[in-house]
Amino acid sequence: MVRVKICGITRLEDARLAVELGADALGFNFYEKSPRCIAPAEAWKILRNMPALVSTVGIFVNWDSSPVIALAKSLHLSAVQIHGVESAAVTAACARHVPVIKAFRTDAKFSVAQFRAHNSASSFLLDAAISDSSSKKFGGTGQLADWKIAKRAAAKCRIVLAGGLTPDNVADAILAVRPYAVDVASGVESNPGKKDPAKLRAFFAEVARANRQLSS
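Anchor point for the sequence shown: position 188 equals 190 in this note's numbering, and the numbering is continuous, going up by one each time.
Think of the hints as simulated: they come from the structure by calculation, not from any bench. Treat the hints with care, since some could be wrong.
DSS-like cross-link-like pairs, simulated, lysine-lysine; straight-line CA separation at most 25 Å [claimed, not checked]:
id	residue 1	residue 2
1	Lys158	Lys35
2	Lys111	Lys153
3	Lys150	Lys111
4	Lys35	Lys47
5	Lys111	Lys158
6	Lys150	Lys47
7	Lys47	Lys75
8	Lys75	Lys35
Required output: the full structure, derived from the provided sequences and hints.
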């Protein structure tokens with residue numbers, strides 16, 4: 003069964019609805035340039051109200067390992083997602099303290115061989131390539147990941163598929179890629195950081211439909 007991570011949580015009501023609908027994980031973005039960035043103190047107000055069975059993931063972009071580990075411990079995060087161009091040493095250092103999801107862009111430079119250097123990660127997230135090489139955007143762009151690349155990767159590793167997923171395409175993405183999980187932020191929002199209840203419900207309904215097809 004493909005799992006669901008709702009990323010870019012900034013409001014308690016959104017977190018509660020996501021959990022009610024069956025979210026397996028919630029993502030809290032600590033990248034200061036993201037429109038979904040949340041201060042640790044505000045994140046804690048949400049995190050402390052979440053049931054223990056829901057995984058909570060902190061998203062970090064190009065941080066050193068020490069502050070990532072410290073914040074993960076202080077917020078009791080289930081895992082950390084390192085979403086920039088961090089070295090394998092950063093992945094390994096974080097992984098000694100908390101499970102790590104290492105993100106990669108599915109661009110022309112991507113190769114599954116990159117996973118080997120970051121083999122201390124518990125899973126890998128595949129996001130969209132960014133056409134502007136100077137872009138400082140890391141995730142939440144609404145652009146599609148390359149599903150063909152993701153499918154090849156999913157045959158070898160535990161893959162979280164992100165990048166432009168919406169209620170309209172998530173079922174097709176799941177059937178095409180067969181990922182471990184899907185990750186959505188902008189695809190279920192009315193505004194950055196504000197989840198749309200109707201889109202959330204539709205997204206979970208489509209994931210459930212795809213899961214039924216996979217199990218039939």
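Status of each hint after checking the structure:
1. Lys158 x Lys35: 33 Å, violated
2. Lys111 x Lys153: 17 Å, holds
3. Lys150 x Lys111: Distance of about 14 Å is within 25 Å: holds.
4. Lys35 x Lys47: Measuring from Cα to Cα gives roughly 21 Å; hence the hint holds.
5. Lys111 x Lys158: Holds, at roughly 18 Å.
6. Lys150 x Lys47: Status violated; Cα separation ~39 Å.
7. Lys47 x Lys75: 15 Å, holds
8. Lys75 x Lys35: Holds, at roughly 23 Å.
Going down the numbered hints, you'll see the structure goes against 1, 6, while the others check out.
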